[in-house]
Amino acid sequence: MGGVTSSIAAKFAFFPPAPPSYTVISDENSGDEKLSIPEVPRRDGVDVLKLRNRRGNDVVAVYVKHPKASSTLLYSHGNAADLGQLFELFVELSSRLRVNLMGYDYSGYGQSTGKPTESNTYADIDAAYKCLKEQYGVKDEQLILYGQSVGSGPTVDLAARTPNLRGVVLHSPILSGVRVLYPVKRTYWFDIYKNVDKMAQVNCPVLVIHGTADEVVDCSHGKQLYELCKEKYEPLWLSGGGHCNLELYPEYIRHLKKFVSYLNKFKAGSNGTKDPAVESASNGSSKESTTVESDTKSKASDTQSKSSENQVKVPTTNPDTFELNPDLPEVSRNSLDSRLEKSKKTSRPEKSRMSTDQVDRFRRKKGLLW
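If you count by numbering that gives the first Met the number 0, then the sequence shown holds residues 0 to 369, one letter each, in order.
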């Protein structure tokens, strides 16, 4: 039984887009053999890298620089997505949060070599972490780890081994791989990404973000991980939010800005006092969490020019809302959520009041799964 369940969990865990959404080429115009991704818009202040991990795989990463950054964010993405699809999101997050940002593809994803496995993802994030320290001079005290969905696995693993991080963000995180499939109460040896057992070893402030109508990873995963945090920051429970659309909610970027601002002030040693959001969360009061009602409607622009393909744009009317281009490239739909819907036979989750067409389009095209 254990071997069968482990095999099922491993197969459900990884869905790299096939074919990859991007290629990596050497920039012929530069004498130092700089790499570039021709499928995404060329931007200043962006490095494309190939990193060798300890298991011998080449890991493709992008490093987005911000001129006024005081911290660096290391982003571990969710399932069924790669750097080509997430590039513009990385650029926008870097700009909005005023951070340097490194995103990377797991082994077997995009143009990274090897096969996607739990062990390889740990080696992949370690390679990215090593590059940040050695090539860009990033100190642990300046580093924020960000893990989305399955990316919470390597994020929590690294955070548990790195005591002096600035902070951690867990976006639609999982308790463990098997717990996504079955409501087990204990951890089995064959389980993968055992975040539930590692959270107690994370010593920095942790922000948890989860949608209350997540149809792939139930919101209870995020809530249990939040309860296990040593240093809790006010979590964000997005009412009606699913697994793939949290970036569309204005409160998402506002709460991230607030968290990054708090970390910058707290780590700089301004006065040693905690942000009220941290104090209320640590005290376990009834006001400890922020639940955002889906009263804000996200309007998809029907007149958006097709010349801006592969862009994630910011509407001028609301600086805290991501507007997704409807012409994003098609990716693999070998999705986990469709399998889970058949096995669990759950009812359809509450719909966000934002444009459902936009959300559905985003899920089909982006394929951001756990």
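Incorrect hints may appear among the rest.
Simulated DEER-style distance windows between Cβ atoms [to be verified]:
hint, residue 1, residue 2, range
1, P182, G44, 41 to 47 Å
2, W188, R41, 44 to 50 Å
3, Y135, R41, 37 to 43 Å
4, P182, T22, 29 to 35 Å
Here are the simulated DSS-like cross-link-like pairs (lysine-lysine), alpha carbons at most 30 Å apart as the crow flies [unchecked claim]:
hint, residue 1, residue 2
5, K229, K184
6, K264, K222
7, K222, K197
8, K197, K67
9, K67, K264
Since the hints were derived computationally from the structure, they do not count as laboratory data. If you're wondering where the values come from, they're calculated on a predicted model, not measured in any experiment. Even glycine gets a Cβ: it sits at the ideal position worked out from N, Cα and C.
Problem set entry | Enumerated hints in conflict with the structure, sorted upward | 3, 4 and 8
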